[in-house]
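So the protein lines, in turn, are chains A and B.
Every letter in the first sequence is one number past the one before it in the working numbering, and letter 93, counting from 1, is 93.
Every letter in the second sequence is one number past the one before it in the working numbering, and letter 71, counting from 1, is 71.
Derived by calculation from the structure, the hints in this document are not laboratory data.
Heads up, a few of these hints could be off.
Claimed, not checked - Among the chain B residues that face chain A by a calculated CB cut under 7 Å, a handful are: (1) N19; (2) L49; (3) G129; (4) P219; (5) N223.
To be verified - Straight-line distance between alpha carbons at most 25 Å, and here's what the computed BS3-like set of lysine-lysine pairs gives: (6) K250(B) x K235(B); (7) K250(B) x K3(A); (8) K233(A) x K305(A); (9) K17(B) x K305(A); (10) K17(B) x K110(B); (11) K235(B) x K3(A); (12) K305(A) x K236(B); (13) K305(A) x K235(B); (14) K110(B) x K250(B); (15) K3(A) x K103(B); (16) K103(B) x K17(B); (17) K103(B) x K305(A); (18) K236(B) x K250(B); (19) K110(B) x K3(A).
Each residue gets a CB set at the ideal place from its N, CA and C atoms; glycine is no exception.
Letter by letter, the chains look like this.
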Amino acid sequence: MRKNRVREIILHVIILTFTFMILVPFFFALNNSFRSNSEMYRSFFGFPAEISSAVSMGWAVLGGSEEQYVVYDWDQESEERVVGAREALHQHFMNFTRGYRLAWDTLREYMINTLIVVSATATGVVLMGSVTAYILSRYRFPGSRFFYYMIISTMMFPAVLTLVPSFMLVRELGLLNSYWAMLFPYIAGGQVFAMFIFKGFFDGLPEELFESARIDGAGHVQLYVNIVVPLSKPIISVVLIMNVFATWNNFLWPFVVNTEGEYHVLASGLYVMATSHFAQNFSTLFASYMVSSIPLLILFTYATKPFIQGVTSGAFKA
Amino acid sequence: MSADANVERGYFTPRFKFNLSCYLILLLPVGMLTLFIYVPVMWAFTGSLFEFEIGGDSQFVGFANYYEFLFLDPTTIPSLMNMLFITFFMVCVRLSFPLVVAKLIYSLTKEKYRYVYRIVFLIPIVVPGVAVQLIWAGMIYNDRGMLNEFLRLFDFTEVGFLLALGFTEEFLRSISPSGWTMGWLSDPRTALIAVVFVGFPFVGGFEVLIYYAGLTGIPESVNEAAELEGCTGLKKFFLIDIPMVMSQLKLILILTIIMSVQGFENLLILTRGGPGFETTVPGLWMYFNAFSFQRMGYACAIGVCLFILIFTLTFLNFRYFKSTEELEGKR
């Protein structure tokens with residue numbers, strides 16, 4: 001009994017060590033997103049100085065103090081001012097959030113682009129994947145096996161093979177610098193995997209359901225809307241989430257097709273920020289990495305179950 | 001019924017109408033697939049036989065692009081070596097670290113903790129991949145980054161223990177003139193190592209989940225038999241757990257090989273292949289040829305070569321790396 005207890009504690013310690021090592025970079029990125037460059041250079045491992053000074057100043061304000069404080073304005077660069085406690089507190093807050101304010105100015109556009117691209121892609125992928133899977137799973141007609149293998153065999157073409165010619169194609173079609181340059185290839189590629197998962201699921205649905213509905217005179221649309229969709233809600237959310245994560249992380253394609261930089265999504269936008277005038281502005285950069293993680297964090301907290309299910313369902317079994 | 005059949009006889013039988021409806025529905029997905037996947041795949045092969053710029057004239061050169069890549073280009077050999085090293089390293093770490101962590105989590109007695117830890121290891125997935133690379137480049141490997149600042153805490157000129165061990169200060173300075181700190185990504189001696197160590201300690205939530213699923217799939221009878229035979233701890237891990245999660249290992253192996261042979265985004269972000277060609281891989285070289293040097297044909301040829309390589313490796317993997325089911329079938 002005692003031995004088991006010790007073993008358990010040792011296990012916890014080892015696992016927590018791994019967790020700690022994984023989270024350390026993110027922790028320091030978060031920490032340093034609240035600190036100025038000079039503060040970071042002075043001592044990398046310290047905590048944001050703005051917090052401690054703001055806390056002491058907050059006490060002073062509560063105490064009704066009218067003392068004068070010297071504050072440094074990061075936004076104006078090298079301007080020191082002597083102001084009252086209340087304004088000093090405000091200035092500390094502005095300094096504290098400077099990285100986030102600057103980051104958001106640039107990120108807002110990327111964020112909107114990303115949300116548009118990701119939601120449109122996910123909708124398209126789920127719609128097309130499920131409709132194709134429904135047809136190929138429930139019916140036999142001349143060429144149905146051919147179509148199935150034609151769709152499935154695209155999985156063997158790696159991205160590295162099609163990157164350059166896809167770019168030439170999108171350019172020929174005149175789609176460069178538009179949402180379509182991302183949407184069409186994403187949907188065309190994403191539907192394959194979605195179709196594969198949906199077909200595996202639809203194959204398991206009992207034929208009697210479809211048969212009886214067909215006798216009642218239901219067509220493709222009624223069958224799809226009234227039988228397929230209600231039954232496959234869990235699998236739809238799995239496909240949706242997997243697709244959102246994949247699209248969200250796609251960096252190279254948006255970076256390549258946005259030659260004029262107007263339609264950058266978060267992933268490519270972050271790289272653009274890190275190689276542009278923000279390159280040495282660490283608090284802004286780290287703040288932008290943190291902000292860009294928030295939407296997926298929210299999605300992840302709401303959809304942990306389908307996500308885990310998607311990863312472990314054997315959909316990935318090679 | 002016969003009346004219906006009379007009306008419908010002829011070319012437009014119900015069967016034909018029905019088939020037509022199926023084709024019509026498939027038209028859009030298959031059409032998109034053809035245009036956005038099959039056409040580029042075809043262009044990759046045909047384009048590799050030409051020498052052309054975007055929007056410029058093209059000139060048929062036969063297999064000259066392939067010949068140049070395989071035999072003439074001085075970057076080919078070093079970039080292939082880099083790719084091999086990265087692939088080998090990635091395979092090693094992604095088959096070992098997450099498996100060990102999955103086993104540790106699986107060994108916990110309380111289901112609650114097991115669930116929580118699996119979730120915790122998944123959380124970093126919400127950070128975009130680009131941001132992870134940029135965090136490592138900008139914060140850890142940076143000149144004033146975490147690694148260098150950490151090493152400055154233990155600067156040998158400050159800490160006497162190395163001097164006490166008998167190392168003279170001149171000797172230490174001769175190894176490393178500026179102390180322990182260095183430009184990890186810009187120093188040719190460390191660039192490649194630094195690049196592969198991004199993501200240390202390599203415990204991705206995805207792999208942990210996959211291996212964990214494999215471990216839960218081990219039948220209870222096997223575990224009990226092992227316990228009766230006195231097979232526990234490390235012995236059980238190597239003799240029972242690893243063979244029983246062979247399918248998962250195979251999956252991760254294939255995915256890792258495909259990913260590291262074709263992946264170059266991280267190198268583009270971290271080093272752009274530098275210093276020199278220390279961290280160039282064929283994929284990155286393809287990218288530069290296409291989008292910096294405007295040699296589209298040559299880039300297509302490199303892409304085709306990588307495709308053939310990936311295809312062969314995946315095939316060999318399927319052919320010779322036995323999954324658990326196959327191992328059991330043989331017995």
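Evaluated hints:
Because the beta carbon of N19(B) sits about 4 Å from the nearest beta carbon in chain A, less than 7 Å, this interface hint is met. Evaluation of the L49(B) hint against chain A yields a violated restraint, the C-beta minimum of about 13 Å exceeding 7 Å. With its C-beta approaching chain A no nearer than about 5 Å, G129(B) sits inside the 7 Å limit, and its interface hint holds. Hint on P219(B) is violated. Least Cβ distance to chain A is approximately 17 Å, over the 7 Å limit.
Hint status for N223(B) relative to chain A: violated, with the closest Cβ pair at about 16 Å, above 7 Å. With a C-alpha separation of about 21 Å, the suggested pair K250(B) and K235(B) falls inside the 25 Å cut-off, and the hint holds. A threshold of 25 Å between alpha carbons decides the hint, and for K250(B) with K3(A) the separation of about 35 Å lies outside it, so the pair is violated. Note on K233(A) and K305(A): the hinted pairing holds, with a Cα-Cα distance of about 13 Å set against a maximum of 25 Å.
Restraint check for K17(B) and K305(A): not satisfied, since their Cα atoms lie roughly 42 Å apart, outside the 25 Å limit. With a CA separation close to 59 Å, the supplied pair K17(B) and K110(B) exceeds the 25 Å bound. Proposed proximity of K235(B) and K3(A) is supported: the alpha carbons are some 19 Å apart, at most 25 Å. The straight-line distance between the Cα atoms of K305(A) and K236(B) is roughly 31 Å, outside the 25 Å bound, and the hint therefore fails.
Taken as a hint, the K305(A) and K235(B) pair is broken in the structure, with Cα atoms around 34 Å apart against an allowance of 25 Å. Under the criterion of a C-alpha separation no larger than 25 Å, the hint pairing K110(B) with K250(B) is inconsistent with the structure, at around 29 Å. At most 25 Å may separate the alpha-carbon atoms for a hinted pair to count; K3(A) and K103(B) meet this at roughly 19 Å. A distance of roughly 56 Å separates the Cα atoms of K103(B) and K17(B); the hinted pair therefore is violated under the 25 Å criterion.
For the hint linking K103(B) to K305(A), the alpha-carbon distance of about 21 Å falls within 25 Å, and the restraint holds. Of the pairs offered as hints, the one joining K236(B) and K250(B) holds, with about 20 Å between alpha carbons and a cut-off of 25 Å not exceeded. For a cut-off of 25 Å, the pair hint linking K110(B) to K3(A) stands: about 16 Å separates their Cα positions.
In this structure, the earlier hints numbered 2, 4, 5, 7, 9, 10, 12, 13, 14 and 16 are contradicted, and the remaining ones agree with it.
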